[in-house]
Amino acid sequence: MPPALPPLYPITVQHGLLLGAALFSIGLVGALTKRNAIAILMSIEVMLNGVMVTFVAFARHAQSPTLTGQIFAIFIMTVAAADAAVGLAIVIAVYRLRRTVQVDAANTLQG
Amino acid sequence: MTDLGCPAGSPICNPFLYIRQFLGGILGFLPDPLPTIILTVLAIAMITTLIALIVMSQVWAERRVVAFMQGRLGPNRVGPAGLLQSVADAIKLLAKEIIIPYQADRIPFMLAPLLVLVPSLMVWSVIPWGPGLSVTDLNVGVLFILGMGALPTIGILTAGWASGNKYSVLGGMRAAAQLISYEIPMVLVIAIPVLLAGSLSLGSIVEAQNGAWFVFWLPVGPIALLLFLMAGIAEVNRSPFDLPEAESEIVAGFHTEYSGMAFALFFLAEYANSFSVSAMATILFFGGWGGPFLPPFVWFFLKTYAVFFVMIWIRGTLPRLRYDQLMYVAWKVALPLALVTLGFAAIELTLRTAAV
Amino acid sequence: MLLPTDLLVAGGFYTFAALAIVGALGLVLSRKVFHNALFLTVVLGAVAGAYVVLGADFLAAVQILVYVGAIMVLIIFGIMLTPQNVDLPDIAGPGQAVAGTVVSIAIFIAAAGVLATSVWPRLTSTPIDVPTTQTIGLGLLTTYGLPFEIASVLLLLAMIGAIVVAREDV
Numbered sequence: 124m125p126p127a128l129p130p131l132y133p134i135t136v137q138h139g140l141l142l143g144a145a146l147f148s149i150g151l152v153g154a155l156t157k158r159n160a161i162a163i164l165m166s167i168e169v170m171l172n173g174v175m176v177t178f179v180a181f182a183r184h185a186q187s188p189t190l191t192g193q194i195f196a197i198f199i200m201t202v203a204a205a206d207a208a209v210g211l212a213i214v215i216a217v218y219r220l221r222r223t224v225q226v227d228a229a230n231t232l233q234g
Numbered sequence: 004m005t006d007l008g009c010p011a012g013s014p015i016c017n018p019f020l021y022i023r024q025f026l027g028g029i030l031g032f033l034p035d036p037l038p039t040i041i042l043t044v045l046a047i048a049m050i051t052t053l054i055a056l057i058v059m060s061q062v063w064a065e066r067r068v069v070a071f072m073q074g075r076l077g078p079n080r081v082g083p084a085g086l087l088q089s090v091a092d093a094i095k096l097l098a099k100e101i102i103i104p105y106q107a108d109r110i111p112f113m114l115a116p117l118l119v120l121v122p123s124l125m126v127w128s129v130i131p132w133g134p135g136l137s138v139t140d141l142n143v144g145v146l147f148i149l150g151m152g153a154l155p156t157i158g159i160l161t162a163g164w165a166s167g168n169k170y171s172v173l174g175g176m177r178a179a180a181q182l183i184s185y186e187i188p189m190v191l192v193i194a195i196p197v198l199l200a201g202s203l204s205l206g207s208i209v210e211a212q213n214g215a216w217f218v219f220w221l222p223v224g225p226i227a228l229l230l231f232l233m234a235g236i237a238e239v240n241r242s243p244f245d246l247p248e249a250e251s252e253i254v255a256g257f258h259t260e261y262s263g264m265a266f267a268l269f270f271l272a273e274y275a276n277s278f279s280v281s282a283m284a285t286i287l288f289f290g291g292w293g294g295p296f297l298p299p300f301v302w303f304f305l306k307t308y309a310v311f312f313v314m315i316w317i318r319g320t321l322p323r324l325r326y327d328q329l330m331y332v333a334w335k336v337a338l339p340l341a342l343v344t345l346g347f348a349a350i351e352l353t354l355r356t357a358a359v
Numbered sequence: 041m042l043l044p045t046d047l048l049v050a051g052g053f054y055t056f057a058a059l060a061i062v063g064a065l066g067l068v069l070s071r072k073v074f075h076n077a078l079f080l081t082v083v084l085g086a087v088a089g090a091y092v093v094l095g096a097d098f099l100a101a102v103q104i105l106v107y108v109g110a111i112m113v114l115i116i117f118g119i120m121l122t123p124q125n126v127d128l129p130d131i132a133g134p135g136q137a138v139a140g141t142v143v144s145i146a147i148f149i150a151a152a153g154v155l156a157t158s159v160w161p162r163l164t165s166t167p168i169d170v171p172t173t174q175t176i177g178l179g180l181l182t183t184y185g186l187p188f189e190i191a192s193v194l195l196l197l198a199m200i201g202a203i204v205v206a207r208e209d210v
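Protein chains in written order, with the numbering used here: chain A, 124 to 234; chain B, 4 to 359; chain C, 41 to 210.
Bound conformation, chain A alone (with noise of 0.2 Å):
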């Protein structure tokens, strides 16, 4: 089928689903770019976020009624919580024996 750009209104699956794509990009940019942990952090959140946007708007367009996708969206958001806290942990940990969030600085294991 040759590519074909949704219309305007009104909206469709694949709105919610280029927002979701959307969003997972600009956090896959954040994730690979940037040098704090924390921020490195963040960015996964947000990838996090377009996935769940993609799990809600198949729940509202799907063939028949049904919020399987709310429901694991609010499964994707248990795990990204404990994934924050942990990852949190970590940094804090490595920050205890460096005194830098950098990750570069955790390159005991390189070369």
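Treat each hint with caution, since some may be false.
Stated by the list, open to error - Result set (DSBU-like, lysine-lysine): computed pairs, CA atoms no more than 35 Å apart in a straight line: (1) K169/B - K99/B; (2) K169/B - K335/B; (3) K95/B - K169/B; (4) K99/B - K72/C; (5) K72/C - K169/B.
Unchecked claim - So the derived label-pair ranges between C-beta atoms look like this: (6) L30/B - Q124/C: 55 to 65 Å; (7) T139/B - P188/A: 22 to 32 Å; (8) I190/C - I22/B: 51 to 61 Å; (9) N79/B - L69/C: 50 to 60 Å; (10) R23/B - T45/C: 20 to 30 Å.
Since the hints were derived computationally from the structure, they do not count as laboratory data.
Glycine included, every Cβ here is placed at the ideal spot set by N, Cα and C.
Dock chains B and C against the given chain A, drawing on the hints supplied.
Showing chains B and C alone in chain A's frame:
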């Protein structure tokens, strides 16, 4: 309960509903969603003005009542019985210069009071003043209020950090730690009236208390009310939980560097928050706007002000808790008690509905 | 003239989508880590608004309560507990920045291409007549009971793990 002497449809009992129907009839010629939007904007303007007036009356009431409890008079010069004291305070705060310190981060510094004030005002869009008298009745109303109660924490952290001052950062972190510690017992205790009413929408919770108020469901009601008041007072940073902002402690905590209108916004947010905690206590435990003989919004106002009076009373009586005592109470007393009470409420609800 | 609700829904969606994308771009482009945190708050709030437009009201309220109210506070506490004396440059070297941006744009173009060319069984929205809160609650306890229990065990493990890792070795 509203039928005793005050029939629900009459204009005297419910003037705001009558005005809304009248205006809705006038605006009927506009295309479809516009009348609803215009009426909602008018309702929001009315509620914001009302909250501003209520906050001014709260400041006066608190100073007079605490003064009488301490054996002195309180404001009694400006206006009859000192009633215009709040007006004088407002004019003074408006006229003061907003000083932004050199080391402060300007944009977060000016943004932080908004982050604290806007959620406090948004809570008022779902609180019902009478049957059908809220700006909107969300069917996740209780969760919306909890979410709006969690947002000021970020504002306080931003205020503390953006001031560029060690004492502010420390004060901000202490205040934020207190707020998040007391959020957990508060969420668990709010789940009890939600469980007993079977709905998250505030209008349904009030209507489910038509027979008996939730505070009278004997073992769990009073304990839930006490826990809610404790968590609510801690969430609002009032005495005896006001260590983060006490003047004798850490200069003034997170709002050390704020002066003038920015400080006025923090002040306004604190009193609006304490009034919304009182309003939530009446809706969740004391039957909201229900009551015989008087119009419903008068009952709501009287009950909420009674709960606020109890909060002022607690302020005038109890000494301030030290920070580690505060954390001890949150995690080792309030949280287990809230969990156990929630469990008992579920068991009691099952037994009551099975017995019927 | 009747203002179509589709237009209002589209307007709401575009507003929140634009806000989310602007917030995410601000997060990536700003240098100081605290500003990144404030932009992340904007993104999370805008995504909650998008959920409301997409019919997920319970999820929007939970997003504000959990993500903005708790996870953001955790991240800001992490920022405050790790102050640095010198503001070191935030972006990794120019080669890595360019490579990262190119990879992300490539992934976005690939995803957008797949979206635009695939055949969707249903394009417009399904009206959801069931009350979302009750349905999600029932689903979490019956159909999705196992992931629910595993999620609670996961949170307990994360809490214990975070405390153990970040504790001072006294």
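Verification of the supplied hints:
1. K169/B - K99/B: holds, 24 Å
2. K169/B - K335/B: holds, 30 Å
3. K95/B - K169/B: Given pair K95/B, K169/B holds - Cα atoms ~28 Å apart, limit 35 Å.
4. K99/B - K72/C: Roughly 31 Å between the alpha carbons, so the hint for K99/B and K72/C holds.
5. K72/C - K169/B: This hinted pair holds, its Cα atoms lying about 19 Å apart.
6. L30/B - Q124/C: 55 to 65 Å: holds, 58 Å
7. T139/B - P188/A: 22 to 32 Å: Check passed, 24 Å falls within 22 to 32 Å.
8. I190/C - I22/B: 51 to 61 Å: holds, 53 Å
9. N79/B - L69/C: 50 to 60 Å: holds, 57 Å
10. R23/B - T45/C: 20 to 30 Å: holds, 22 Å
Checked against the numbered hints given earlier, the structure satisfies every one of them.
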